[in-house]
Amino acid sequence: MFNAEMKSETFKNLIHIIATVVDEVKMSIHPDSLTMKAIDPSHVAMIDMVVDKDAFISYEADDTEIGLDLDKIKSVLKLAGPGDTIRMSHNPEQGMLTVTIGNIERRMGLVDTGSLSDPKVPKVDLAVSAKVPLDQLQKGIRAAESISDVDHIKLEVNSEGFELSCAGDTDLASLRVPASELEISADAPAHSMYPLDYFSNIVKVIPSESVEVQLDTDYPVKLLFDIAEGHAHITYLLAPRIENE
Amino acid sequence: MFNAEMKSETFKNLIHIIATVVDEVKMSIHPDSLTMKAIDPSHVAMIDMVVDKDAFISYEADDTEIGLDLDKIKSVLKLAGPGDTIRMSHNPEQGMLTVTIGNIERRMGLVDTGSLSDPKVPKVDLAVSAKVPLDQLQKGIRAAESISDVDHIKLEVNSEGFELSCAGDTDLASLRVPASELEISADAPAHSMYPLDYFSNIVKVIPSESVEVQLDTDYPVKLLFDIAEGHAHITYLLAPRIENE
Amino acid sequence: MFNAEMKSETFKNLIHIIATVVDEVKMSIHPDSLTMKAIDPSHVAMIDMVVDKDAFISYEADDTEIGLDLDKIKSVLKLAGPGDTIRMSHNPEQGMLTVTIGNIERRMGLVDTGSLSDPKVPKVDLAVSAKVPLDQLQKGIRAAESISDVDHIKLEVNSEGFELSCAGDTDLASLRVPASELEISADAPAHSMYPLDYFSNIVKVIPSESVEVQLDTDYPVKLLFDIAEGHAHITYLLAPRIENE
Numbered sequence: 421m422f423n424a425e426m427k428s429e430t431f432k433n434l435i436h437i438i439a440t441v442v443d444e445v446k447m448s449i450h451p452d453s454l455t456m457k458a459i460d461p462s463h464v465a466m467i468d469m470v471v472d473k474d475a476f477i478s479y480e481a482d483d484t485e486i487g488l489d490l491d492k493i494k495s496v497l498k499l500a501g502p503g504d505t506i507r508m509s510h511n512p513e514q515g516m517l518t519v520t521i522g523n524i525e526r527r528m529g530l531v532d533t534g535s536l537s538d539p540k541v542p543k544v545d546l547a548v549s550a551k552v553p554l555d556q557l558q559k560g561i562r563a564a565e566s567i568s569d570v571d572h573i574k575l576e577v578n579s580e581g582f583e584l585s586c587a588g589d590t591d592l593a594s595l596r597v598p599a600s601e602l603e604i605s606a607d608a609p610a611h612s613m614y615p616l617d618y619f620s621n622i623v624k625v626i627p628s629e630s631v632e633v634q635l636d637t638d639y640p641v642k643l644l645f646d647i648a649e650g651h652a653h654i655t656y657l658l659a660p661r662i663e664n665e
Numbered sequence: 421m422f423n424a425e426m427k428s429e430t431f432k433n434l435i436h437i438i439a440t441v442v443d444e445v446k447m448s449i450h451p452d453s454l455t456m457k458a459i460d461p462s463h464v465a466m467i468d469m470v471v472d473k474d475a476f477i478s479y480e481a482d483d484t485e486i487g488l489d490l491d492k493i494k495s496v497l498k499l500a501g502p503g504d505t506i507r508m509s510h511n512p513e514q515g516m517l518t519v520t521i522g523n524i525e526r527r528m529g530l531v532d533t534g535s536l537s538d539p540k541v542p543k544v545d546l547a548v549s550a551k552v553p554l555d556q557l558q559k560g561i562r563a564a565e566s567i568s569d570v571d572h573i574k575l576e577v578n579s580e581g582f583e584l585s586c587a588g589d590t591d592l593a594s595l596r597v598p599a600s601e602l603e604i605s606a607d608a609p610a611h612s613m614y615p616l617d618y619f620s621n622i623v624k625v626i627p628s629e630s631v632e633v634q635l636d637t638d639y640p641v642k643l644l645f646d647i648a649e650g651h652a653h654i655t656y657l658l659a660p661r662i663e664n665e
Numbered sequence: 421m422f423n424a425e426m427k428s429e430t431f432k433n434l435i436h437i438i439a440t441v442v443d444e445v446k447m448s449i450h451p452d453s454l455t456m457k458a459i460d461p462s463h464v465a466m467i468d469m470v471v472d473k474d475a476f477i478s479y480e481a482d483d484t485e486i487g488l489d490l491d492k493i494k495s496v497l498k499l500a501g502p503g504d505t506i507r508m509s510h511n512p513e514q515g516m517l518t519v520t521i522g523n524i525e526r527r528m529g530l531v532d533t534g535s536l537s538d539p540k541v542p543k544v545d546l547a548v549s550a551k552v553p554l555d556q557l558q559k560g561i562r563a564a565e566s567i568s569d570v571d572h573i574k575l576e577v578n579s580e581g582f583e584l585s586c587a588g589d590t591d592l593a594s595l596r597v598p599a600s601e602l603e604i605s606a607d608a609p610a611h612s613m614y615p616l617d618y619f620s621n622i623v624k625v626i627p628s629e630s631v632e633v634q635l636d637t638d639y640p641v642k643l644l645f646d647i648a649e650g651h652a653h654i655t656y657l658l659a660p661r662i663e664n665e
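Protein chains in written order, with my numbering: chain A, 421 to 665; chain B, 421 to 665; chain C, 421 to 665.
Hints are supplied without guarantee of correctness; some may be wrong.
Note that identical chains are pooled: a pair holds if it fits in a single copy or bridges any two copies.
As the list claims (entries may be wrong) - In silico SDA-like pairs for lysine to any residue, Cα to Cα no more than 20 Å straight-line:
hint, residue 1, residue 2
1, K427, T455
2, K559, D504
3, K473, S495
4, K427, K559
Simulated from the structure, these hints should not be mistaken for lab results.
Chain A extracted, bound-state conformation (with noise of 0.2 Å):
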């Protein structure tokens, strides 16, 4: 059983964030919270969410899972308005998730969630962590992508701040955020390479303003996010590209 209502900005930012990496997900439903986790296929990039009840405006649920297709959901959502209230109701017997907005009533077909995987989530303690603001990253992205033959971006935190660089063949780009602009915590500088189209599909879709990034060199950088007034935890884990000299 799983009856629950909640904003729709808010189940439209959990459903584009978990699309990011995956086209179908095993939603793990929990009496007091609801949980996706998902690895993209090159198994380069993770995301773990945890939904508390208290991000809903309703909710009431058993432990069950059910399996969305994405792009099926995301459909639906698009009827809903900015103000407008998603109420999802699932009964096991039927095999379908009903979806109502306002008056309209729209049962989905339910993804086999024995075809889902259920990818465990490494810990990983990164060295350094920086509080960076959703535009600057958004701003780096945008002068990464302005080169053509850019597929790769640096990120560095340091005691002077945080940087996102990267380098064509004969163009270059960085952006700085000062320390002075960030709660920065490093014990040594650290920095890797990433792939820009994974960071850049993520960064798009972080609804919040700013985005805690930890990182070590030679290691994965965390995302770490909240949303729905920090009743929702998002945390995305990004592969770097191993520099061999």
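Use these hints to put chains B and C onto chain A, whose structure you have.
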């Protein structure tokens, strides 16, 4: 002779409605009104449009007929902004329609009316009728279009209200408007299936706030609405899909 | 040496104007001004642009030349928002232009100026001149573009005013601006035909409110306008189509 002025929005609305079924249309001009009738090439949808002279800012006409290429007139109407007046002038000797918008003069070649059909719009009396707000119809269509394998919708009127619904292989959508929000007249419940694409095309261009939907089991649906402050009357007829048991 | 700051809108305007005729341009930098000259590959259109140092927020320069790839600079300029300042810095030893926008630094490889032509812009004295509001020219072009088989327009200035007109196989369009709404100087009426696509491309990117149109029968048309509060002067020359009788 035909000299008339009309608000550009009104004329755009008339043209976009008729263009949902045909590419070329015969405009039958009379001293007190102008009519356009059209049937689509598959004989599935039909429009009957009567525009009183009071729908115009000024109107002077003898009995005459002119053949319009609708793509051409649409491209001319794009030259008019929201508050503009369209002036039309037809001189039979030139075989051209002169359209004036501000200080732009645009003379258009006409289509030979001999090649244009003059469909007879059948009189059909339908059992039930409901005046449905247009935004509800639009929502229902968008819900239907969110299912990839749907090409027909079911319209139903009964004592509880109006319902637009459809079913794909795995998914369902329905929009219900309760009788309390409708002007409804129904002897008995009635429902039929209609092609989604035709229904969607006409509903997208209806500029009025509500539409009178008349239907009957396994009969065409009739959509009735007025524009130009009640001075232009449109009847749209759409053939049902007969379900074989 | 070249260090300069400019409002992003002004620099975008200059680049979009020059990009209507070429993909790469030589920027000739002098202590008191900067010039760009360009001729399109078919030798139909030519631009001469003189930007005084007062068009800049700050300007420091020796005599030098740099070659710009216009698609590249356009993609860099997209990083600037409406109120942003563009800082440009050129160090001849690096062979790069460094563009700074807020905390983004973007270094661009340059085009070898040896490969770029330096067209001589001919002095032409034209018989008639009219200062035409830009929105009228834009309307006239849209009217011409609403006829599918038109590729030339006729520009005419006479004592009654300015006219932009064209004729396709079955359709005609014309825009007339009466002399009373123009600053006009005409010894005798003059008119010529010009290619619609070139004329449309330049008019679309002119950011000033009016344009001085100079013309003469079977001569090029000259469009003259200023931007940057009168500190940047642009001359655009477009060759006529000579009508053979």
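Consistency of the hints with the structure:
no.	hint	verdict
1	K427 to T455	within (17 Å within a copy, 48 Å between copies)
2	K559 to D504	between (31 Å within a copy, 13 Å between copies)
3	K473 to S495	neither (24 Å within a copy, 44 Å between copies)
4	K427 to K559	between (29 Å within a copy, 18 Å between copies)
Hint 3 alone, counting from the list given before, is not met by this structure.
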